[in-house]
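Residue numbers (our numbering), protein chains in the order written: chain A, 1 to 228; chain B, 1 to 141; chain C, 1 to 294.
Think of the hints as simulated: they come from the structure by calculation, not from any bench.
There's no promise every hint is true.
Said to hold, decoys possible - Computed footprint of chain B on chain C, listed as stretches where at least three residues anywhere in the stretch have a Cβ under 8 Å from a Cβ of chain B: (1) 185-198; (2) 205-215; (3) 263-276.
What you are looking at is a predicted structure, and each value in this text was computed from that prediction instead of being measured.
For glycine and all other residues, C-beta sits at the position ideal for the given N, C-alpha and C.
One-letter residues, chain by chain:
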Amino acid sequence: MNWLTSDLRTVRTLVLKDWQVYQKQLAGFVAGMLLALGLIGSGSPLVAAAGALLLLVLLLVVGSYAISASIIAERKQQTGPFVMSLPVTPMDLFWGKLIANLVIYLVPFLLVGGGLVMLVQTTPLPDGTLPWLTAIFVFTLLVFCIFLCVAIVVDSEGWNVFAMLALMTLVGPYIYWISQFDTVIRYRATDVVVWGKPLLALLGGEFVLMVVAILIAGWLHARKRSFL
Amino acid sequence: MGAELLLSPHSSQPMYAQIIEQVVAKVMAGEWEEGRLLPSIRELAAASKVSVITVKRAYLELERAGVIVTRQGKGSFVAAALDATRALATAEFDAQLRGLLDAAGKLGLSPRDVVARVEQALTSGRDTAPTFLDSNARNTE
Amino acid sequence: MITAISLQGVTKQYDTFALQDVDLSLPEGQVMGLIGINGAGKSTLLRLLMGLIRADRGEVRVFGQALPDAQVAVKRDIGYASDDMRLYPGQSLRWHMDLIRRVYPSWDEAYAAHLIQRFQLRPAQTLGGFSHGQRVKALLLLLLARHPRLLLLDEPTTGLDPVARGEVLDALGDVLRDERRSILFSSHNTAEVEQIADVITFLHEGRVLASRDKEAFLDDWRRVLCRGNWDDAINALPGLASVRCSPPLIELKTSAFDHSTLPTLQALGLTVDSVEAMSLEDIFITTVGKGKAQ
Numbered sequence: 001m002n003w004l005t006s007d008l009r010t011v012r013t014l015v016l017k018d019w020q021v022y023q024k025q026l027a028g029f030v031a032g033m034l035l036a037l038g039l040i041g042s043g044s045p046l047v048a049a050a051g052a053l054l055l056l057v058l059l060l061v062v063g064s065y066a067i068s069a070s071i072i073a074e075r076k077q078q079t080g081p082f083v084m085s086l087p088v089t090p091m092d093l094f095w096g097k098l099i100a101n102l103v104i105y106l107v108p109f110l111l112v113g114g115g116l117v118m119l120v121q122t123t124p125l126p127d128g129t130l131p132w133l134t135a136i137f138v139f140t141l142l143v144f145c146i147f148l149c150v151a152i153v154v155d156s157e158g159w160n161v162f163a164m165l166a167l168m169t170l171v172g173p174y175i176y177w178i179s180q181f182d183t184v185i186r187y188r189a190t191d192v193v194v195w196g197k198p199l200l201a202l203l204g205g206e207f208v209l210m211v212v213a214i215l216i217a218g219w220l221h222a223r224k225r226s227f228l
Numbered sequence: 001m002g003a004e005l006l007l008s009p010h011s012s013q014p015m016y017a018q019i020i021e022q023v024v025a026k027v028m029a030g031e032w033e034e035g036r037l038l039p040s041i042r043e044l045a046a047a048s049k050v051s052v053i054t055v056k057r058a059y060l061e062l063e064r065a066g067v068i069v070t071r072q073g074k075g076s077f078v079a080a081a082l083d084a085t086r087a088l089a090t091a092e093f094d095a096q097l098r099g100l101l102d103a104a105g106k107l108g109l110s111p112r113d114v115v116a117r118v119e120q121a122l123t124s125g126r127d128t129a130p131t132f133l134d135s136n137a138r139n140t141e
Numbered sequence: 001m002i003t004a005i006s007l008q009g010v011t012k013q014y015d016t017f018a019l020q021d022v023d024l025s026l027p028e029g030q031v032m033g034l035i036g037i038n039g040a041g042k043s044t045l046l047r048l049l050m051g052l053i054r055a056d057r058g059e060v061r062v063f064g065q066a067l068p069d070a071q072v073a074v075k076r077d078i079g080y081a082s083d084d085m086r087l088y089p090g091q092s093l094r095w096h097m098d099l100i101r102r103v104y105p106s107w108d109e110a111y112a113a114h115l116i117q118r119f120q121l122r123p124a125q126t127l128g129g130f131s132h133g134q135r136v137k138a139l140l141l142l143l144l145a146r147h148p149r150l151l152l153l154d155e156p157t158t159g160l161d162p163v164a165r166g167e168v169l170d171a172l173g174d175v176l177r178d179e180r181r182s183i184l185f186s187s188h189n190t191a192e193v194e195q196i197a198d199v200i201t202f203l204h205e206g207r208v209l210a211s212r213d214k215e216a217f218l219d220d221w222r223r224v225l226c227r228g229n230w231d232d233a234i235n236a237l238p239g240l241a242s243v244r245c246s247p248p249l250i251e252l253k254t255s256a257f258d259h260s261t262l263p264t265l266q267a268l269g270l271t272v273d274s275v276e277a278m279s280l281e282d283i284f285i286t287t288v289g290k291g292k293a294q
């Protein structure tokens, strides 16, 4: 089965279409995230913690909202047949959805990430939190990636909701787990940035996992011999 | 004003018959003069919103009756004046003949019966058919 | 002669329904009307022609190319609209037009503007605010403005008021002018099929009951009213689709009317009161009622 797209231009058009459809909502989320950053940098530990929580929630929600809007809503709104009637193959739609959603997520993600790094360096927040924050940040990207792959491949709304909830509940235990890392315990409250091998390996593993998830989803989608 | 005929899908008369009748009417009224190029089958179909095949059938019958002449690759033209009048009368006669044969069918007359009655009518010089047949003549086709 | 559509031995199985052994073809430049009750397989047939689903057996070809393998090339030349198709409710008609314009090089902006006028649509309005009729017309506009060689329309006029229906038929009439363009549409409105179709295909329970030139098809069907005593031999009349008795009258509907029909009835001692052509609607109801045709 053909893995690649029939026409790059077509995929670009599909990505552009999704971007245009979800622009407004995206702007709202970015505004919310900037607010959260503001809270984090405010100086008061309580407000900072509230801001951090808000940021985390928004990162997780933006992802799942974008996905549910573009993929699940498309099924509900029945815009699927319209897109399928364009000169596209099922694989075109796969890459289109994947890239569109990644872009829609990465824009606020990188923006906020950059903002966070700046915050940490310029405010009284200890610089040592950087590796720990990065690990959490990248984890939300991983969660998003996996959820995206599940949504594209699995048609059932029930399973999608289950996947989303399961992934989100993992965030708590994950944060607890990395907080137990040696380097984190020792350097988080300081101004010294130490990554440490375990953390770096973890980050590497997370990226590998993302690629694997995409490849599996792609393979499963390529096995589809027709749209419906 | 134009290539359009005034056809109605709701009329009890089949479409192709309406087309034949209206083309004949246009020719008889002089609206479509001798030698005039008829709208192409597709053009008439599109303008009147009927299927191409229906227009084709009508044109075929009109040609068979001699009302129009079709030249390969050039289109269909209204037949020459002399031919046209005769052709119109012929078309009318053909329509009556169809009506007659339908009525004969309903009565159960065999072809031989029909011919016999026609011969009788011709030799006696007057119509021997009972009146109820006239009113039924338009019932089909 | 180029064949626009060709289906050979096509079979598609679903849990509750199956399209079986479908053989159909449509030459270029013609209009095929597909009729059948809900669930007869019309939508499935159209989806097969779009390459949206793959047949279990048999061959599906459009313009000679096999589907769904060649679907990208084929879909460039096809315009498809179905009942379950929706546009993006948060976007305007203009946005959709721009999207189509980017994807299809054959987009005709001038003709699109003309259709906007004819259909009385507002390009700046978002699709969510369109009424059903406006939505259908918007979908058709997006198709027609790129002059596709083949139009596959799944119930294009269903749910439209008579005026809107007229506007749609008008626009379809434009397509008829070009002898290289073909239309396949399914409809419940038998009057409309009777009017603009060149070929009628009758689908029932996943099978093709008939697929013929419209005039020939309609010519074969007659409703005969006769008078006389019932004779069981009447049941053996070729093509008999329905019989009703109310002594002394007998009403027969047959799908194989020819010059031998009336003599046969008369030989059974019946007198014929009238012979009428049947509307496509009547043929449809009679056929589905009896489960047979032709």
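Hints versus structure:
| no. | hint | in the structure |
| --- | --- | --- |
| 1 | 185-198 | holds (count 6) |
| 2 | 205-215 | holds (count 3) |
| 3 | 263-276 | holds (count 8) |
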